[in-house]
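Colleague: Spelled out from the first residue to the last, the chains are:
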Amino acid sequence: AQSVTQLGSHVSVSEGALVLLRCNYSSSVPPYLFWYVQYPNQGLQLLLKYTSAATLVKGINGFEAEFKKSETSFHLTKPSAHMSDAAEYFCAVSANSGYALNFGKGTSLLVTP
Amino acid sequence: DAGVTQSPTHLIKTRGQQVTLRCSPKSGHDTVSWYQQALGQGPQFIFQYYEEEERQRGNFPDRFSGHQYPNYSSELNVNALLLGDSALYLCASSRGASLITGELFFGEGSRLTVL
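Those protein sequences? They're chains R and A, same order as listed.
So the first sequence is residues 1080 to 1192, counted in my numbering.
So the second sequence is residues 13 to 127, counted in my numbering.
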């Protein structure tokens, strides 16, 4: 079964600082990996996804993630945090042959002035 | 272009009751998936409907059932409600069933409280 673990339920960064949100996966087959963002009282929005093409994936809002098979990781980064980046971030891995997602527990990102 | 719409946005039920949640997919989408998000947790896959049939199912009991109509809208039904069913129920739609080639678009959810 495929699963993901997000390290750190809360991350706080200063505005302008690097954002690093960690995700490690467990999968018996080559995984498909996703990052979603959830703003308060809203649904989830896809930031980016890895589907076995380039290992460095660029997404929306300046976010990117790198698939590292040797480390079973898919960490999300952004060079410079904005106040508007404050939200809940979820890493997910595909399940059921790509028809459903197994989500991690999420990381709440706080951006301070 | 309207996105995924869900109703109701909030509702309160008591243990043992039944509830129906509704979802209209994004225009052009034919596949609907339902997820349960408990407080402080990530969403958990309940099931997926495509061509009016349940195609995939997560680890949820038979108390959870669904339906998809010819216009692709969908319902989630939960019978014999338990306190533990209190959660945000998210509907997501896509064009086609595969998440590899497609993308899930989520609604804002229906928040169910069971007392």
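Just so you know, the hints here were simulated from the structure itself, not pulled from any lab data.
Every value quoted in this text rests on a predicted model; they were computed, and no experiment measured them.
Don't be surprised by glycine CBs; every beta carbon is placed ideally from N, CA and C.
Do not take every clue at face value.
One side of the interface only, derived from the structure: several residues of chain R facing chain A at Cβ under 10 Å [unchecked claim]:
#1 V1083
#2 N1103
#3 S1105
#4 S1107
#5 F1113
#6 N1120
#7 L1125
#8 K1128
#9 T1130
#10 F1142
#11 S1159
#12 H1161
#13 A1171
#14 A1174
#15 N1181
#16 F1182
Colleague: Report holds or violated for the interface hint on V1083 (chain R), using the least CB-CB distance to chain A and a cut-off of 10 Å.
Modeller: 9 Å, holds
Colleague: Quick check on the hint: S1105 (chain R) CB to chain A CB, less than 10 Å?
Modeller: 15 Å, violated
Colleague: Quick one, is the N1103 (chain R) hint okay against chain A at 10 Å, beta carbons?
Modeller: 14 Å, violated
Colleague: Is the interface hint for F1113 (chain R) satisfied, with its Cβ closer than 10 Å to some Cβ of chain A?
Modeller: Holds, about 8 Å.
Colleague: Would you check whether S1107 (chain R) satisfies its interface hint, that is, whether its CB is within less than 10 Å of any CB in chain A?
Modeller: 17 Å, violated
Colleague: Was the hint right that L1125 (chain R) lines chain A, CB cutoff 10 Å?
Modeller: At about 6 Å, which falls below the 10 Å cut-off, the nearest Cβ of chain A leaves the hint on L1125 (chain R) intact, so it holds.
Colleague: Checking hints one by one. Is F1142 (chain R) an interface residue toward chain A, by the C-beta closer than 10 Å rule?
Modeller: Since chain A brings no Cβ nearer than about 16 Å to F1142 (chain R), farther than 10 Å, the hint is violated.
Colleague: A closest beta-carbon separation below 10 Å is what the hint needs, so does F1182 (chain R) meet it against chain A?
Modeller: 3 Å, holds
Colleague: Could you check if K1128 (chain R) really has its C-beta closer than 10 Å to a C-beta on chain A?
Modeller: Since the shortest Cβ distance to chain A is 8 Å, the answer is holds.
Colleague: Using the nearest Cβ pair, does N1120 (chain R) come within less than 10 Å of chain A?
Modeller: Cβ of N1120 (chain R) sits 7 Å from chain A, so the hint holds.
Colleague: Does N1181 (chain R) hold up as a contact with chain A if the rule is Cβ-Cβ below 10 Å?
Modeller: 7 Å, holds
Colleague: Verify the interface restraint on A1171 (chain R): the C-beta must sit less than 10 Å from at least one C-beta of chain A.
Modeller: With Cβ-Cβ at 7 Å, under 10 Å, it holds.
Consistency with the previously given hints fails for numbers 2, 3, 4, 10, 11, 12, ordered from lowest to highest.
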